[in-house]
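As a plain string of letters, each chain reads:
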Amino acid sequence: AAGVIQSPRHLIKEKRETATLKCYPIPRHDTVYWYQQGPGQDPQFLISFYEKMQSDKGSIPDRFSAQQFSDYHSELNMSSLELGDSALYFCASSLTGGRAEAFFGQGTRLTVV
Amino acid sequence: GQNIDQPTEMTATEGAIVQINCTYQTSGFNGLFWYQQHAGEAPTFLSYNVLDGLEEKGRFSSFLSRSKGYSYLLLKELQMKDSASYLCAVRLGGSYIPTFGRGTSLIVHP
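In the order they appear, the protein sequences are chains S and R.
Per the numbering used here, numbering of the first sequence is gapless, rising by one per residue and ending at 1312.
Per the numbering used here, numbering of the second sequence is gapless, rising by one per residue and ending at 145.
Some hints here could point you the wrong way.
Where chain R lies over chain S, by a calculated footprint (3+ residues, C-beta under 8 Å) [said to hold, decoys possible]:
(1) 1217–1226
(2) 1247–1260
Here are the in silico distance ranges between beta carbons for each label pair [said to hold, decoys possible]:
(3) R:Leu89 <-> S:Lys1221: 48 to 54 Å
(4) R:His144 <-> S:Pro1226: 51 to 57 Å
(5) S:Glu1250 <-> R:Ser102: 16 to 22 Å
(6) R:Asn38 <-> S:Ser1285: 38 to 44 Å
(7) R:Gly50 <-> S:Arg1215: 51 to 57 Å
(8) S:Ala1201 <-> R:Ser62: 23 to 29 Å
(9) R:His73 <-> S:Leu1210: 18 to 24 Å
(10) R:Lys116 <-> S:Leu1294: 27 to 33 Å
Anything over 10 Å on all C-beta distances counts as not near chain R; from chain S, calculated [stated by the list, open to error]:
(11) Ala1201
(12) Ser1206
(13) Pro1207
(14) Lys1212
(15) Ser1264
(16) Gln1266
(17) Ser1269
(18) Asp1270
(19) Ser1278
(20) Leu1280
(21) Asp1284
(22) Leu1287
(23) Glu1300
(24) Gly1304
(25) Val1311
Everything labelled a hint here was simulated from the structure, so no lab data went into it.
A virtual CB, placed ideally from N, CA and C, is assigned to each residue, including glycine.
Model the full assembly from the supplied sequences, consistent with the hints where possible.
Shown next, in the form of structure tokens:
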């Protein structure tokens, strides 16, 4: 069965650079969530989309933005990167506005140097 | 996840049974997940409980009591590969966003 696809799997950026992370949800899933997980931390919710509209916002810094496109894939744009942004970034998708199970992608490991 | 509590670490013996508890406080509830996560990898979906009771899936079972704000994950016939972090995530306060607890690090030894 198709799963949530994230790209790239690994990304190394320098401070103050920008990064774009991509997420392709499971086909027919209408809800996408983005999470950030620092070393030894639990995943922290950043932002979510339902039917291409932002539905909820968590602890997403103002330097970050995200959107969901007509084909339901989503992109997380990160600017003015800081060392503290180094983390695993996960995308998850779900059906029926998020009322069903949420499945996670393999994540993007971002390292800011 | 300040409203979700799990033990930080547990150890168990290969072949044994282990129960990982999760308690939560919320004025609204829309479901509870259990995920398994190996270091550096994505959380893998294990179970999703919306109604009270026990859900069984092979060696893994999950129980929910909404009135008590309590769930547990039961792992039977433990294998070394079950050594991982187990994350409880709850859709809290009327939201459909899964909010994660700190996770329980399970160490299975021979």
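Hint by hint, here is what the structure shows:
Counting residues of the region 1217–1226 of chain S whose C-beta sits closer than 8 Å to any C-beta of chain R gives 0, which falls short of three, so the coverage hint is violated. A count of 3 residues in the region 1247–1260 of chain S with a Cβ less than 8 Å from any Cβ of chain R is obtained; the coverage claim is therefore met, three being the minimum. Between leucine 89 of chain R and lysine 1221 of chain S the beta carbons are some 39 Å apart, a value that contradicts the proposed interval 48 to 54 Å. Range check, histidine 144 of chain R to proline 1226 of chain S: about 41 Å between beta-carbon atoms, so the 51 to 57 Å window is missed.
Between glutamate 1250 of chain S and serine 102 of chain R the beta carbons are some 34 Å apart, a value that contradicts the proposed interval 16 to 22 Å. As the Cβ distance of asparagine 38 of chain R to serine 1285 of chain S is approximately 27 Å, the hint placing it in 38 to 44 Å is violated. Separated by about 53 Å at the C-beta atoms, glycine 50 of chain R and arginine 1215 of chain S satisfy the suggested range of 51 to 57 Å. At about 36 Å, the CB distance of alanine 1201 of chain S to serine 62 of chain R disagrees with the hint of 23 to 29 Å.
Hint check: histidine 73 of chain R to leucine 1210 of chain S, Cβ distance near 21 Å, so the stated range 18 to 24 Å holds. Distance hint check for lysine 116 of chain R and leucine 1294 of chain S: the Cβ-Cβ separation is about 29 Å, which falls inside the suggested range of 27 to 33 Å. The claim that alanine 1201 of chain S is not at the interface with chain R holds, since no C-beta of that chain comes within 10 Å of its own (minimum 14 Å). The beta carbon of serine 1206 of chain S is kept farther than 10 Å from every beta carbon of chain R, the shortest such distance being approximately 13 Å.
Chain R leaves proline 1207 of chain S outside its interface by the beta-carbon criterion, the shortest separation being 14 Å against a cut-off of 10 Å. Every CB of chain R is more than 10 Å from the CB of lysine 1212 of chain S (nearest about 19 Å), matching its label as outside the interface. Look at serine 1264 of chain S: its CB is around 18 Å from the nearest CB on chain R, clear of 10 Å, so calling it non-interface holds up. Glutamine 1266 of chain S, annotated as away from the interface, keeps every beta carbon of chain R farther than 10 Å; the closest lies near 18 Å.
Listed as outside the interface, serine 1269 of chain S is consistent with that label: its C-beta sits roughly 22 Å from the nearest C-beta of chain R, beyond the 10 Å cut-off. The Cβ of aspartate 1270 of chain S lies farther than 10 Å from every Cβ of chain R, with a closest approach of about 22 Å, so its non-interface assignment holds. Every CB of chain R lies more than 10 Å from the CB of serine 1278 of chain S, the least distance being 24 Å, so the non-interface label holds. Residue placement check: leucine 1280 of chain S keeps its beta carbon more than 10 Å from all beta carbons of chain R (closest about 20 Å).
The beta carbon of aspartate 1284 of chain S is kept farther than 10 Å from every beta carbon of chain R, the shortest such distance being approximately 17 Å. Not every CB of chain R lies more than 10 Å from the CB of leucine 1287 of chain S, the least distance being 7 Å, so the non-interface label is violated. At roughly 5 Å, the least C-beta separation between glutamate 1300 of chain S and chain R is not larger than 10 Å, which violates its mark as non-interface. With a cut of 10 Å on Cβ distances, glycine 1304 of chain S falls inside the contact zone with chain R, its closest approach being about 6 Å.
Residue-level check passed: valine 1311 of chain S sits 17 Å from the nearest beta carbon of chain R, beyond 10 Å.
Hints 1, 3, 4, 5, 6, 8, 22, 23 and 24 from the list above are not met by this structure, while the remaining hints are.
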